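Asker: Each chain, written out:
Protein chains: 2
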Amino acid sequence: MPEVTSGAALAPLLLQAVERAGLALEDGDVFVLAQKIVSKAEGRQVKLVDVVPSARALELAAVTGKDARMVELILRESREVLRAKRGVIIVEHRLGFVMASAGIDQSNVPYAEGECALLLPENPQASATRLRDALREATGHDVAVVINDSFGRAWRNGVTGTAIGVAGIPALVDMRGRSDREGRALQVTEIAAADEVAAAASLVMGQADESVPAVLVRGFPYARREASVDELIRARAEDLFR
Amino acid sequence: MPEVTSGAALAPLLLQAVERAGLALEDGDVFVLAQKIVSKAEGRQVKLVDVVPSARALELAAVTGKDARMVELILRESREVLRAKRGVIIVEHRLGFVMASAGIDQSNVPYAEGECALLLPENPQASATRLRDALREATGHDVAVVINDSFGRAWRNGVTGTAIGVAGIPALVDMRGRSDREGRALQVTEIAAADEVAAAASLVMGQADESVPAVLVRGFPYARREASVDELIRARAEDLFR
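These protein sequence lines map, in sequence, to chains S and Y.
Heads up: the first sequence is residues 541 to 782, going by the working numbering.
Heads up: the second sequence is residues 541 to 782, going by the working numbering.
With the rest of the complex left out, here is chain S (with noise of 0.2 Å):
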């Protein structure tokens, strides 16, 4: 794909790369995308010369050790800050993820008009509906849409892919009522399905090479429903971590 900057429509874009890979859309297919192209198209990047500092993030800064004004960005984008210490800020993002900086990342991100920082999309599951449809729209198919982004874990080194936006796939695949060969009843109860197609198409974009933004994945094996990512947000009252 092209590079994507701020207003591009990305169904055609992501209907030009599908055509000159020669591939042919399905129903039930799944683009994953990346983050940072929904976020570039929405013009999601803040300068960050225009940031002005509160109070709490220049507090924050001097913990953190991270540039005032992308604490400015964090706090501005989340609910609450759960963890601080240098170099880490963990947040509720003010959609519900708990996640570092609140997804908010300076690289791949162009100087041209000074330092910039990019935002998460104003509402990845509006922006993953929004695709769905204009994809069936152009062409009549049933597909379905993920955003991506790299989240970390709280007891795990390194980095997954994690759904952020989801539309036409179940987010979490519901396993009750469903029993193994046994036939005693499942333990585990519900699959966050669309956080392990992130992950599965993370594998293919890798990290460095922005020139694979989005992934087609072909086989979702269970059946598709109407859905949103919230479905993956645990409740703050069953949270036994914060």
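Simulated from the structure, these hints should not be mistaken for lab results.
Careful: at least some of the hints might be erroneous.
A pair holds if it fits inside one copy or across any two, identical chains being indistinguishable in the list.
Said to hold, decoys possible - Taking lysine to any residue pairs in the SDA-like style, the calculated list, with each CA pair at most 20 Å apart, reads:
{"id": "1", "residue 1": "K625", "residue 2": "R782"}
{"id": "2", "residue 1": "K606", "residue 2": "E778"}
{"id": "3", "residue 1": "K625", "residue 2": "A777"}
{"id": "4", "residue 1": "K625", "residue 2": "F781"}
{"id": "5", "residue 1": "K625", "residue 2": "E730"}
{"id": "6", "residue 1": "K625", "residue 2": "R774"}
{"id": "7", "residue 1": "K625", "residue 2": "A595"}
{"id": "8", "residue 1": "K625", "residue 2": "R776"}
{"id": "9", "residue 1": "K625", "residue 2": "A775"}
{"id": "10", "residue 1": "K625", "residue 2": "T729"}
{"id": "11", "residue 1": "K625", "residue 2": "L598"}
{"id": "12", "residue 1": "K606", "residue 2": "L780"}
{"id": "13", "residue 1": "K606", "residue 2": "R716"}
Source: prediction; values computed, not measured.
Following the hints, put chain Y in place on chain S, whose structure we already have.
Answerer: Only chain Y this time, still in chain S's reference frame:
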């Protein structure tokens, strides 16, 4: 694959399945195995009738509503209980994994000798390494092995496939020193590649259908090297959520 029983040699079973599928192994192929078949092959079933709960197990059983004998097994397999509430026990497994119920499963375990639980392999890292060696000896190919279990996450609903043993591919891929298209150092510096492979394979395995207990992954995108699942375990000193 046929039902795996205690003492089974997994390498020949895997190679027979590959042959039946009409495939030929290649260097760099990755076998992802469900933890259950590795545990079964290693005879890690425990008859609950033989388990005598300790005072602490009885106490935790009262708090959680779980079978005290299951709780006893969880405690024996763990270094520390992080959280316990109705229906949930989160521990640090003796191998360092933070997970629910020490990975002990009651489903998919034959009833024949009374109610059984299935523990994780004694040392899944060693199991992965042994299996990789056996596959190399049998085929001459340098294949990798990942042992996969379903883990919950602190702030997200549902489980995803996660590596508990990794041989022949990096568990963690270090991106430090790599830069993006604008020449900036990447902010995401470590990718939990083995967890992404495990998650991808989980999609194919599903949960209910144990007839897909192993998945052959071709095209792992990062350079192979000797590695261990320990790379993925966050050091206690760096754990912000305990």
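Asker: With reference to the structure, classify each hint as holding or not holding.
Answerer: Hints, one by one, checked against the model:
Taking the shortest Cα distances, K625 and R782 sit within 20 Å of each other both inside one copy (15 Å) and across copies (15 Å). Proximity of K606 to E778 under the C-alpha cut-off of 20 Å is restricted to the inter-copy arrangement: shortest distance 18 Å between copies versus 31 Å within a copy. Only between protomers do K625 and A777 lie at most 20 Å apart by alpha-carbon distance; the minimum there is 12 Å, versus 25 Å within a single protomer. For the homomeric pair K625 and F781, the shortest alpha-carbon distances inside one copy (17 Å) and between copies (12 Å) are both at most 20 Å.
Taking the shortest alpha-carbon separations for K625 and E730, only the inter-copy value of 19 Å comes in at or below 20 Å, while the best intra-copy value is 33 Å. In this assembly of identical chains, the alpha carbons of K625 and R774 lie at most 20 Å apart only when taken from different copies (16 Å versus 24 Å within one copy). Taking the shortest Cα distances, K625 and A595 sit within 20 Å of each other inside one copy (17 Å), while across copies they are farther apart (39 Å). In the homo-oligomer, the alpha carbons of K625 and R776 lie at most 20 Å apart only across protomers (15 Å), although the nearest pairing inside one protomer, at 23 Å, exceeds that limit.
Taking the closest pair of Cα atoms, K625 and A775 come within 20 Å of each other only across two copies (16 Å); inside a single copy the shortest separation is 25 Å, beyond that limit. With identical chains, the CA atoms of K625 and T729 are at most 20 Å apart between copies only, with a shortest distance of 18 Å across copies and 35 Å within one. For the homomeric pair K625 and L598, the shortest alpha-carbon distance inside one copy (14 Å) is at most 20 Å, but the shortest distance between copies (38 Å) is not. When the C-alpha separation of K606 and L780 is checked against a cutoff of 20 Å, the pair qualifies only between copies, where the shortest distance is 18 Å, while the shortest distance within a copy is 28 Å.
In this assembly of identical chains, K606 and R716 lie within 20 Å of each other by CA distance solely across copies; the values are 18 Å between and 45 Å within a copy.
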